[in-house]
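Novice: One-letter residues, chain by chain:
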Amino acid sequence: MRDGKPPAERIPILKMGEFLLVTIQVEMHDRLVMGLQDELTQQIVQHRARGVLIDISALEIVDSFIGRALGNIAKMARVLDAETVVVGMQPAVAITLVELGLNLEGVRTALNAEKGMALMRRGFDAR
Amino acid sequence: MVDHQSRLAAILRDQESRILAEWTSLLAKTSRGADRAETEEQARTFARLLAQAMAQDATGEIDGPAWAKMRDMLTGLSAARARQGSTPSETATFIFSFKEPLFARLREEYRSDGEGLGRESWTATRLLDKLGLFTTEVYQRTREDMIERQRRDLLELSTPVVALWEGVLAVPLIGTLDSDRTQVVMESLLQRIVDSGASIAIIDITGVPTVDTLVAQHLLKTVAAARLMGAECIISGIRPQIAQTIVHLGVDLGSVATKATLADALILALGRIGATVTRSAPRA
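In order, the protein sequence lines correspond to chains A and B.
Heads up: the first sequence begins at 1 in our numbering, then just goes up one per residue.
Heads up: the second sequence begins at 1 in our numbering, then just goes up one per residue.
Excised from the complex, chain A in its bound form (with noise of 0.2 Å):
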């Protein structure tokens, strides 16, 4: 990894409270995708998050690798007791998902970052 290559590109990761914030700015490829499931991962387990919320709104091209990539994130948050919200998805890229077979059973979503966080919180405080 450090003969010589740049530094890899990283997802940032925000901790908010309880939640953890993703704010997808650049375009996805396999490896990006790949880090961002190690690091979250990590992460819900140092911060014991009870959410996460994933703005893709500025991803405009998906292939079903980054759409199956993004269900494993939400299953695997789940298994580490967080709730996973995709917020901001763009038409095409619904339609692309929608007819590539992936439904991403199980995930919240929501139109922006906004509603995407009043449902976290509504979510949490009917627990």
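Quick caveat, the hints were computed from the structure, so don't treat them as lab data.
Hints are supplied without guarantee of correctness; some may be wrong.
Stated by the list, open to error - Restricting the straight-line Cα-Cα distance to at most 25 Å, the calculated cross-link-like pairs of lysine-lysine (DSS-like) are: (1) B:29 to B:99; (2) B:69 to B:99; (3) B:99 to B:130; (4) A:115 to B:221; (5) A:15 to A:115; (6) A:75 to B:221.
Dock chain B against chain A, hints included.
Specialist: Coordinates of chain B only, in the frame set by chain A:
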């Protein structure tokens, strides 16, 4: 070669009125009363243009510039007839029936010259066949244009997305759902969800005549895509017949909320967004 072809043009020119008289009486037998005058007018124009075109260009190549007027006239005639609903055979027969009076004249002209008659008949037949086929092609093209236009109109007309309430959208679907239309519905619905920030979309299928597995699959895709974006879908307008079909086909609508009427769906939607409807004394 040139000699005998110029004679066909000459015959057409000299005998125009006689050929025309015979032709129109022939056409009168087949055409109905109302369009008889119109048919006669068309016959007159056709005979005149044919004589003119033959005089300028006797090769019989109807793509040439000398035949431009003839082509225009036939295009107009064929398109008009296509719109009136006559069959392509009827339109082509109109042209082909010109052969009978023309061949009668040729027989008179070439009474003693069998070879000349054969040659001349062949030239005339080829020419008229080409013209007849040309009308058929135009007819077909006109119909195709018409179908294409109607298809586009239908696509646009039948996919409105309306706002019922703040945060509640409705898509009243009318007509059969195929892949193309589902795509249009899906795209316009998702775009409206983004634009308006609506959290609930009601898909009303009162106007969808039949629901088979494919249509159900299309509906479910739309619902799934809307869900991915964070909006919930309610399917309403399910008629008893459709409900039976859905169950018989073994279609699984999964966790999608379904309601019999749009009104029920609206009440459900209002409940989900936390709005209540109360009844007060009616005002005049």
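Novice: Each hint should be assessed against the structure and marked as holding or not.
Specialist: Hints, verified against the model:
Of the supplied pair hints, the one linking residue 29 (chain B) and residue 99 (chain B) holds, its CA atoms being roughly 16 Å apart against a limit of 25 Å. At most 25 Å may separate the alpha-carbon atoms for a hinted pair to count; residue 69 (chain B) and residue 99 (chain B) meet this at roughly 20 Å. In summary, the hint linking residue 99 (chain B) to residue 130 (chain B) is supported, as the alpha carbons are separated by about 13 Å, within the 25 Å threshold. A distance of roughly 23 Å separates the Cα atoms of residue 115 (chain A) and residue 221 (chain B); the hinted pair therefore holds under the 25 Å criterion.
For the suggested pair residue 15 (chain A) and residue 115 (chain A), the alpha carbons sit about 18 Å apart, so the restraint of at most 25 Å is met. Between the alpha carbons of residue 75 (chain A) and residue 221 (chain B) the distance comes to roughly 22 Å, so the proposed pair stays at or under 25 Å and holds.
Violated hints for the displayed structure: none, as all numbered hints are satisfied.
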